Amino acid sequence: MQALSFAVHIPLVCFGISFPAMVLFVEGLYLRTGDPLYKALAKRWSKVMLILFAIGVVTGTILSFELGLLWPEFMATFGAVFGDAFALEGFSFFIEAIFIAIYVYGWDRLPRRTHFLTGIPTVITGFVGSMMVIAVNSWMNNPTGFSIENGLVIDVRPLEALFNDNLWHELVHMYLAGYVVAGFVVAGVYAWSWLHGKHDRYHRTALVVALSVAALAAPAQVLVGDWAARTVAERQPTKLAALEGLGPTTKDAPIHIGGIYDEDERKVKSGIEIPKALSLLAFHDPDATVQGLEAVPPQDRPPVNVVRFSFQSMVAIGTGLAALSILYLAVWWRKRRLPRSAWFYRAVVAAGPLSVVALICGWVTTEVGRQPWVVYRIMRTSEAVTGADGIPVGYGFLVAVYLCLGAVAFVMLRRLARRPIDTGEPHRETAVRGSERRVGGS
Amino acid sequence: MLPELAAAAIVVGLSAYLVLGGADFGAGFWDLTAGGARRGARVRGMIKIAMGPVWEANHVWLIFVLVVFWTAFPVAFGSVTSTLYVPLFAAAVGIIFRGAAFALRGEAATIAEARALGAAFALSSVLVPFFLGAAVGGIASGRVPVGNASGDALTSWWNATSVIVGALTVAAGAHLAAVFLAADSVRAGQPDLVRTFRTRALGSGLAAGALAIAGLLVVREDARSLFDGLTSGGGLALVLASGLAGLVTLGLEWRNRFELARYTAAVAVGSIVAGWAIAQRPDLLPGELTLDQAAASDATLVVLLISVAVGMLVLLPSLRYLFRLVLRGDLDTEFHPLTAGDDRTQA
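If you read the sequences in order, they're chains A and B. Position 93 (the first sequence) corresponds to 93 in the working numbering; numbering is contiguous. Position 313 (the second sequence) corresponds to 313 in the working numbering; numbering is contiguous.
Keep in mind that the hints were calculated from the coordinates and are not lab data. Quick caveat: nothing in here was measured; it's all calculated off a predicted structure. Built from N, CA and C at the ideal position, the CB exists for glycine as well.
Which residues of chain B face chain A? A few of them, derived with a C-beta cut under 8 angstroms, are:
hint, residue
1, Val60
2, Ile63
3, Pro74
4, Phe89
5, Ile96
6, Gly99
7, Ala299
8, Leu315
Modelling step: build the complete structure from the supplied sequences, incorporating the hints.
Structure follows, in structure tokens:
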């Protein structure tokens with residue numbers, strides 16, 4: 001159930017992280033050039049931002065309820081260790097809510113510069129908020145900052161728990177993911193319009209801004225991904241083994257692309273094998289020894305194929321997105337224009353939903369890869385769960401609610417997109433109408 | 001000392017949520033009871049402009065309360081959420097509906113859509129405060145034992161105290177909303193709406209007062225130790241303060257001083273919450289767990305309190321800025337009746 005809520009919440013978070021920066025960038029262009037087109041675009045985007053944020057508040061509230069409703073033992077045991085992160089997250093969420101409201105309602109009512117400045121806190125709090133949530137997650141992967149005696153948590157050192165060694169790569173990975181997802185989803189929408197013959201300046205500007213954001217973030221994400229994988233290799237060898245379907249501990253470990261892990265034969269079947277690649281990638285040494293799944297007893301291993309499939313999907317999509325980004329950047333660099341092929345725009349349209357898929361796969365990888373532990377090597381998921389019954393009923397209900405929410409949000413955003421664009425120059429409005437907007441994942 | 005400070009932070013957060021978030025829920029109550037599409041259009045239009053800019057901010061208070069609760073008193077938090085999962089889940093679903101419906105309502109284009117969204121918005125506005133109030137009633141009357149889902153799933157929140165607290169929460173929210181809306185109508189220059197909300201404010205104020213007195217009688221039978229706490233020492237002082245603030249509020253409403261009544265109404269509600277906290281001191285879960293037993297270690301509390309203090313340093317000026325802009329009318333959208341098929345709400 002929590003997984004479901006996260007799957008809805010995470011794509012919204014991406015918009016919370018990166019959309020304010022994009023909106024502010026466009027408004028900054030307006031302040032510099034005075035071109036009403038930029039203002040129209042920023043204003044339009046800020047309304048989308050408000051709707052997505054409102055839904056994000058709702059899903060975020062639900063998540064904090066669910067933490068207690070579903071995982072009372074987890075909260076009861078460790079609430080004191082990581083709670084402070086959520087306290088800070090709560091504040092940044094709060095401040096983001098305040099300034100988003102001022103920003104969106106303040107168009108044309110506040111002086112221009114003031115209005116621009118009120119947008120800045122939303123960018124900062126988006127960053128701090130995500131940092132704190134990631135701090136909790138990274139702590140679950142790398143629990144430090146407390147001791148356990150007779151099953152009781154004692155000697156809590158909250159700051160040490162929050163700023164654990166896993167924080168930095170997870171944070172950078174997630175933060176960039178925010179820009180990749182929001183950038184590609186927005187760019188996908190405008191690429192769709194482009195394919196339907198809307199080649200005016202408004203659509204072109206929107207496409208270029210969103211696509212540039214995504215294209216700068218996506219290749220960087222590949223490098224950060226490598227950093228993340230190496231940290232996992234070092235700290236959570238079982239997770240790494242699950243990622244790659246590595247049964248016995250192996251020297252010169254290979255990577256398999258595709259295929260299925262067979263538990264009886266302890267290896268990946270019908271995949272393409274790349275010799276020594278795993279040792280090379282994980283430890284930057286082709287001869288390194290990589291610890292396999294069998295280093296831990298069977299009940300301590302995660303469901304290998306789920307983890308592996310998610311991981312490979314994420315990597316595949318991520319690589320594809322990076323390639324698309326480099327193509328775009330190369331064409332822009334050499335020729336100072338957008339690529340002309342319709343296939344490029346079709347690819348960008350596809351990149352929107354695909355980036356959301358990659359995001360969710362990445363999150364499945366880290367969460368399921370940690371199983372059966374909720375707190376790595378300290379508390380099992382089964383020990384954390386609520387003793388209350390009625391979970392399946394609640395689950396079904398929540399699915400229905402989210403489906404409604406998604407449908408309604410989709411319809412509303414679509415309607416917003418169909419409104420004439422408010423450039424302050426009425427004669428141009430008729431030319432630029434209609435584009436489809438998608439809310440990723442919800 | 002540290003546990004008390006953390007508890008105080010929760011009380012302050014809960015009061016703020018009850019006053020600001022509660023008023024939003026109360027506005028939903030007036031939306032629900034505003035009558036048919038045409039008759040209720042002006043009331044609904046006013047509600048919309050009053051709530052627009054502050055809606056998200058008001059609801060983050062709840063997140064603040066939950067977060068401080070689970071950090072400072074993790075064991076109690078686990079016990080409360082696993083025993084009271086029914087009302088909490090109901091409230092959570094209500095919050096989803098409400099937030100979504102309110103955020104999206106301005107975009108509704110057809111009568112059917114606006115009705116459906118409006119109904120979801122208004123109905124959940126009543127259900128959320130009721131269930132949250134009922135959950136508080138369950139805690140206050142000592143029906144939440146320590147442990148994973150060890151309390152009764154039904155009677156922990158479906159009992160005399162819970163029901164009366166739930167009803168009181170709905171009434172208090174409705175009253176706050178009516179006062180705020182009356183003041184906003186004055187600012188928007190809509191005298192007929194001022195009269196409408198004045199009537200509602202007086203009516204709901206009397207209802208809330210009656211429920212509060214009835215509540216004391218119910219608690220006397222149902223949860224004697226809570227009653228004793230409310231009728232002696234600091235508890236009694238706060239109950240009296242709340243009653244006094246309530247009377248002053250009614251007087252101000254009678255004389256059309258709504259801007260001042262905003263604050264006295266908030267004081268009336270806030271003192272009840274504080275009174276409850278004082279009344280069950282030193283227990284967090286009455287009869288089960290004291291504040292000190294429930295508290296997390298000092299290290300956690302220190303970091304938490306410092307975070308809260310630093311957070312407040314940033315938050316309060318921000319909030320002040322937002323409220324000042326709102327109360328000055330800088331963020332007001334133009335007033336017009338909200339009917340179905342209305343597409344002018346957002347440019």
